[in-house]
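Asks: Sequence:
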Amino acid sequence: MSEKDIEEMMYREGVQLLKKRYGDREGGVGVIRIEDGRLLTSVWCETNNSCVDLCAETGAILEAFKYDKKITHSLCVVNDNGTLKILTPCGVCQERLYYFGGDVMCAISNPDNLLIFKPLKELQPYYWRDDKR
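Heads up: the sequence shown begins at 978 in my numbering, then just goes up one per residue.
Watch out, some of these pointers could steer you wrong.
[What the hints assert, rightly or not] Cut-off 27 angstroms, straight-line C-alpha distance, at most; resulting in silico cross-link-like pairs (DSSO-like, lysine-lysine):
1) Lys1098 x Lys1043
2) Lys996 x Lys981
3) Lys997 x Lys981
Everything labelled a hint here was simulated from the structure, so no lab data went into it.
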């Protein structure tokens, strides 16, 4: 399967879950691909206290930990007032993803909302840890 096929499959999976879970309402979905080819999905968790909200990718990242599988790709897609948008992983999620190495391919936000993936190490070229995985 080509990189483009993987990326498009992840996007379709994310949009499908977004529509199933949220309908036309605002919401966010994370799609993680692990080394055995499985796609893991999760949704964002908004609470009454925004300090404890969780990003859309968090559940799927934790599932990868549970299965002890390396993450190869990460995508977050949201419905923002009726517009589907791709979001770059936030700084906290980038830290979580870096556990799996700088080669994790991450979907990134862009003005044209195109499906573009970049290696995590390009998102964080000056990563602070000496023991990069």
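Asks: Among all the numbered hints in the text so far, which are the ones the structure does not match?
Replies: When the structure is compared with the hints, none of them turns out to be violated.
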